[in-house]
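Quick note on numbering: the sequence shown equals residues 1 to 251 in my numbering.
Be careful, since some hints might not be right.
Unchecked claim - Pairs of lysine-lysine residues, derived as DSS-like cross-links and limited to a Cα-Cα distance of at most 30 Å, are as follows: (1) Lys78 to Lys52; (2) Lys104 to Lys27; (3) Lys123 to Lys75; (4) Lys122 to Lys93; (5) Lys118 to Lys201; (6) Lys4 to Lys52.
These are calculated hints, taken from the structure and not from any lab test. Given the structure is predicted, the values throughout are model-derived calculations rather than measurements.
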Amino acid sequence: MSFKNQIVVITGGAKGIGRGLVESFAKENADVYFLDMNFESGNKLENELNDKGYRVHFRLVDITKEIELAEVIDKIPKIDILCSNCGIFPQKKIMDMNVDDWEKVQKVNVTSTFLVTKYSIKKMIGAKYGRIILTSSITGPVTGFPGWSHYGASKAALLGFMRSACLEVAKFGITINAVMPGNILTEGLVQQGNDYINSMKKSVPVGFLGDVSDIANGVMFFAKKESRYITGQTLIIDGGQILPESLEALA
Numbered sequence: 001m002s003f004k005n006q007i008v009v010i011t012g013g014a015k016g017i018g019r020g021l022v023e024s025f026a027k028e029n030a031d032v033y034f035l036d037m038n039f040e041s042g043n044k045l046e047n048e049l050n051d052k053g054y055r056v057h058f059r060l061v062d063i064t065k066e067i068e069l070a071e072v073i074d075k076i077p078k079i080d081i082l083c084s085n086c087g088i089f090p091q092k093k094i095m096d097m098n099v100d101d102w103e104k105v106q107k108v109n110v111t112s113t114f115l116v117t118k119y120s121i122k123k124m125i126g127a128k129y130g131r132i133i134l135t136s137s138i139t140g141p142v143t144g145f146p147g148w149s150h151y152g153a154s155k156a157a158l159l160g161f162m163r164s165a166c167l168e169v170a171k172f173g174i175t176i177n178a179v180m181p182g183n184i185l186t187e188g189l190v191q192q193g194n195d196y197i198n199s200m201k202k203s204v205p206v207g208f209l210g211d212v213s214d215i216a217n218g219v220m221f222f223a224k225k226e227s228r229y230i231t232g233q234t235l236i237i238d239g240g241q242i243l244p245e246s247l248e249a250l251a
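Turn these sequences into a full structure, and let the hints steer you where they fit.
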């Protein structure tokens, strides 16, 4: 698989799944622009990958701010592939949550996707080509978890957005799809400790937790030119986690 001569834009690319996407596309010869609010992590990743001979460009931007984001997107020569991956997931139960808590998650997880998609589409329409992949989750569209009602709502909203948006741009050769990760071994999960990780493994039929490369493989499938006849679809990448009716089924 090669993305040579293609420009990929990735939001939330400094850490976690986003970092995995940046690394994976760079290794497949793409020119990668990744957007993030974390200067230290973003700058470090850019230098690490460019030192290895890859073509990676970090842009510090708050993607919830329309004018700021539009200016960054406008300066990118073209966009062949957009990965809208930015997301936050602070845990807070409904009775402890205020409107600001709720709206912050929606703004980062949903509004940013609308904005980056809008301005990327403007470039893609002229080229009559584009691949857009959203990072949703199994939490919200399929499952629930206490303390994540705001997060779950945001990830379900992404799928509703995708299904309507893909119809608006299909005639321009642009596809929009989404991946839905389950428990993935990221820095945040590692910080929870081995006991927590081992408990998570017990809920996954394949017996291990996926890593960021597993998500990247799914994203790159949708991003290929050959995936031209696939749009408005979701790919669950969870090791079968949502399938058992109970954990006893895995015993």
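Hint check:
{"no.": "1", "hint": "Lys78 to Lys52", "result": "holds (24 Å)"}
{"no.": "2", "hint": "Lys104 to Lys27", "result": "violated (34 Å)"}
{"no.": "3", "hint": "Lys123 to Lys75", "result": "holds (11 Å)"}
{"no.": "4", "hint": "Lys122 to Lys93", "result": "violated (39 Å)"}
{"no.": "5", "hint": "Lys118 to Lys201", "result": "violated (38 Å)"}
{"no.": "6", "hint": "Lys4 to Lys52", "result": "holds (16 Å)"}
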